[in-house]
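Visitor: Chain by chain, the residues run as shown.
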Amino acid sequence: MLHDVAPTHRIRRSRLNTVRESLHRVLAISHHNVRLRLRDPGQAISYLVLPMILMVVLKPLYIRAVPGGSTQVVIGLVVMFSVLAVGIAGSSILVERQWHTWDRLRQTRAGSAEILLGKVAPIYLLMLLQQTILLTFGCVVIGMPWPDSPVLVAVAILVWSFALLAIGAALATIARSLSELGAISDVGAMVLSSLAGALVPLSILPGWVEVAAHASPGYYALEMLRAAVAGDTRQVLGNAAVLIAVGLAAGGYAIHRLARGWGRTRLL
Amino acid sequence: MGREGVLDIVDVTKRYGLVTALDRLTLRVEPGEIVGLVGHNGAGKTTLVEIISGLVRPDSGTVLITGHPPKQARGLVGIAPQNLALYPSITVHEHLELYGRLAGLRRRALSAAIDDLALGLGLTEILDRSTGVLSGGQQRRTQAAAALLNRPPVLVLDEPTAGADLSTRQAMLDLIKQRAGEGAAVLYTTHYLPELTDLDASIAVIRQGSVVARGNYDELVGGLPGEVVLHYEDGSARRVTTHDPASELITMLSASERPVTGVDVNHATLDDLYQALAVGHVA
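Residue numbers (this note's numbering), protein chains in the order written: chain A, 1 to 268; chain B, 1 to 283.
Since the hints were made in silico from the structure, they are not lab data.
These figures come from a predicted structure and were not determined experimentally.
Quick reminder that beta carbons are idealized off the backbone N, C-alpha and C, glycines included.
Be aware that one or more of the hints could be misleading.
Below, a sample of chain A positions facing chain B; criterion: calculated Cβ distance under 10 Å [unchecked claim]:
1) L27
2) A28
3) I29
4) R39
5) Q43
6) A110
7) G111
8) E180
9) Y253
The shape of chain B in the complex, shown without the other chains:
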């Protein structure tokens, strides 16, 4: 038997009536590793997050966090749930203070952790504002900050960048990478594959409650073709599917006989990956 990961999920099954949300799902996350859990809505991602956080009990299988079952390991997991869970009349600082105190942080350590995260996630200016008046991105950052406060060994982040603007997204990804660099095991769910290249994450594709593919970005997505689109003055467009969008773009631009008004380079999407998995192009 191999060594244990920080987060070990083995053969976990969860059913809600006739619906099987998780079907013998197995996944391991090692210290310092970021695993991107990708899958469509209803694939089972949120159920898995709820089981890891101890909110829901699996019907069978085991989940161990640094060797402990979820209920005993609550302080060891930093969770940013998919649903925003904030008190509208309470300020960002007061939120962080509450979750920091519940995580066992006291006075100076708590104050330092809040300042540190506020700086890292660009929350310093809005610390004294009620979360009810913040933008969606600011609310997401507040929620993520609460999960990161006590530097837990496991981070479970359920679509933390949903609805976030570019700068928010980048700040969050940088911080997550930093925490992984310090040894945290990160499980990161997303619909947006390019984020996983930024995070240098390995990918686990979940479909109908099971992990159907596991590998790094190059193995799973790198071989899939992208699309280059040139837009012309008359409103028409030319689309080319290619494995090398950069070279293809240069070729298309130099060969174009009409003025080009716009260019789109579309990378492979989750749908492309699903399709490739279905026809067996990806192992």
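Just chain A, with the same shape it has in the complex:
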């Protein structure tokens, strides 16, 4: 009996060690990326401060224009500036390519999945933090009603950040330079968030915009966050399913590109 048990223990211990080693590498890369973000916090700060200022300035306009104007102004700007934060995710991955550090990391013991996980985890946390702070600011300063279910809001933020991160990673594997990425993410963010009704409520836009809005992930994010604040679980889950599908498609594409060395000859 002992003869049978000992190898099983050994295999289990060896698997445990493999997982522990892998986790250690992911943590090392994450820790390193937190450092990188802290050394260059400008963009993240501006995407936090700008929407706060805009919320205060635009609040009277929204309150006069639509019912529930304070919720609309807060959620609209949260969606718009979280879409703009896609540029942060994209650029943090793209610079690794420009600095040749992505290939250098691939030459270490860390696997592609470990590198990607270590890279995106701090950015994901940054996105969660940005949206949480902005929604809290919306409740405390702008007068948006406090959500009935904080759990639903948390789910909405987690799902939306996942979709944004995946889109950012996919963009980083397509763009050939930081300025190209900036152009794609800034113009794309403005178009997608305007189309979604983040800037101007869909109810006061022409009818065709409401139809076209369904093509924008921002639309589902807006609907999901609005439903989360109102405590509508069904609406949250329906929109979350669409955003998870978008995230999986974009993330799958990014992983495919990154694991294959991501066309290392195509940089500008």
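Chain B: place on chain A using the hints.
Guide: Structure of chain B alone, referenced to chain A:
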């Protein structure tokens, strides 16, 4: 069949479209051996390094590192790539900490390895400086240190001394020799042949993706003539090609009737070796 080397490359071919980067290249590096891989730009050196490091898959042939294919042997190879791959806002210490942790080093072992390498490569004074503000030589040393941290059994160093000053170059060569002395197999690419005498390395000449000559420095380069140049006050110069530059220099100086303002002793270059290989002067 002979015993396996630590690094075994057999019949490796790699094509990029119509360009053949490596053409049935075979090379073996034994434990404790330093092999200097020399060749012009585009000869295939960097492609070979990328294949060994698991970044690129060969079209055919095998690469084994202590018996494992490159992807499974990543922790066993210390790589200093030709391109600088550093984070400009991160300090030298933080770089070494990252690569040390990824190599499996922890706390005291990591700290000791960083201190040891910093001392050996003259990085101690700049450990807390961001790599973005360092000189090219200091950046090269940082990159090389990251490759040497966990004392891997195989070192692949792709022109690690490019752009380095004399003291950096010497510190790096001394450390590489030390690691080879401890049993590491070293593949060292360079354009600069005299480095290979300092390293006491054997030489593999790569041309158009194949190893076209293999031997030690004396066998391949020692027989090639060097050049002695005397410079005179009026700006003129006298050049003599010779197999014995030291004796020739003495003879020329003692025979010179005009004041000599400068002396150059030029050793055989990679071009000379290529030329000799082309005309069959070197086997």
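Visitor: All the hints need checking, so say for each whether the structure fits it.
Guide: Tested hints:
Here the hint on L27 of chain A is kept, as its CB sits about 8 Å from the closest CB of chain B, short of 10 Å. Because the smallest distance between the Cβ of A28 of chain A and any Cβ of chain B comes to about 4 Å, under 10 Å, the interface hint for this residue holds. Of the supplied interface hints, the one on I29 of chain A holds, with its beta-carbon coming within about 7 Å of a beta-carbon of chain B, less than 10 Å. Annotation: interface hint on R39 of chain A holds; nearest CB of chain B at approximately 4 Å, less than 10 Å.
Checking Q43 of chain A against chain B: minimum C-beta separation of about 14 Å lies over 10 Å; hint violated. The criterion of a C-beta within 10 Å of any C-beta in chain B is met by A110 of chain A, whose closest approach is roughly 5 Å, and the hint holds. Using the Cβ-Cβ criterion of 10 Å, the hint placing G111 of chain A at the interface with chain B is satisfied: the shortest such distance is roughly 9 Å. Checking E180 of chain A against chain B by beta carbon gives a least distance of about 21 Å; that is not within 10 Å, so the hint is violated.
A hinted interface residue such as Y253 of chain A counts as satisfied when its beta carbon comes closer than 10 Å to some beta carbon of chain B; here the least separation is about 21 Å, so the hint is violated.
Comparing the model with each earlier hint shows violations of hints 5, 8 and 9; every other hint is respected.
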